[in-house]
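Could you build all of it, start to finish, from the sequences and the hints given here?
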Amino acid sequence: MAENLLASLAGFLASPNIMSMQIILFFVALVIGYILAKVVKVMIVVGIIILVGYYLGFISINEGQISRLAEQYGPAVMQGILFAVSSLVFGLGLVIGFIAGMLR
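So for the sequence shown, this note's numbering puts the first residue at 1; every next one is plus one.
Only true hints are included.
If you anchor each label on the Cβ, the simulated ranges turn out as follows:
no.: 1; residue 1: GLN22; residue 2: ILE44; range: 31 to 41 Å
no.: 2; residue 1: VAL95; residue 2: TYR73; range: 21 to 31 Å
no.: 3; residue 1: MET19; residue 2: ILE59; range: 44 to 54 Å
no.: 4; residue 1: LEU88; residue 2: GLY57; range: 42 to 52 Å
no.: 5; residue 1: VAL42; residue 2: GLY74; range: 18 to 28 Å
no.: 6; residue 1: VAL45; residue 2: ASN4; range: 52 to 62 Å
no.: 7; residue 1: ASN4; residue 2: VAL42; range: 44 to 54 Å
no.: 8; residue 1: TYR73; residue 2: PHE27; range: 23 to 33 Å
no.: 9; residue 1: ILE18; residue 2: MET78; range: 22 to 32 Å
no.: 10; residue 1: GLU63; residue 2: VAL85; range: 26 to 36 Å
no.: 11; residue 1: SER86; residue 2: PRO16; range: 15 to 25 Å
no.: 12; residue 1: VAL40; residue 2: LEU88; range: 15 to 25 Å
no.: 13; residue 1: MET78; residue 2: LYS41; range: 21 to 31 Å
no.: 14; residue 1: ILE49; residue 2: ALA7; range: 54 to 64 Å
None of these hints come from the bench; they were simulated from the model.
Think of the CB as a built atom: it goes at the ideal place given N, C-alpha and C, for glycine as much as any other residue.
Here is the structure:
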């Protein structure tokens with residue numbers, strides 16, 4: 001019984017429709033990871049500029065506004081992270097794309 005179940009599951013996962021969707025998802029994740037790495041690089045530079053401006057007194061940071069933004073957008077960010085972690089194909093493509101984006 002268990003062998004039949006495993007064989008049917010393996011046959012389902014190896015079907016052309018499922019494999020093509022996984023390949024598409026992998027390449028989409030590669031592109032997203034690459035773009036995310038480029039955005040992170042820019043955000044690091046912007047963050048350093050903001051910190052220097054804050055240190056020199058050119059910029060003031062409202063901590064209440066930052067906490068409100070974290071409360072508002074935190075659940076959406078966590079939902080995206082959970083999706084990336086739960087999908088092995090997407091997560092693998094995302095990590096590979098992110099590493100490639102950081103290296104170039």
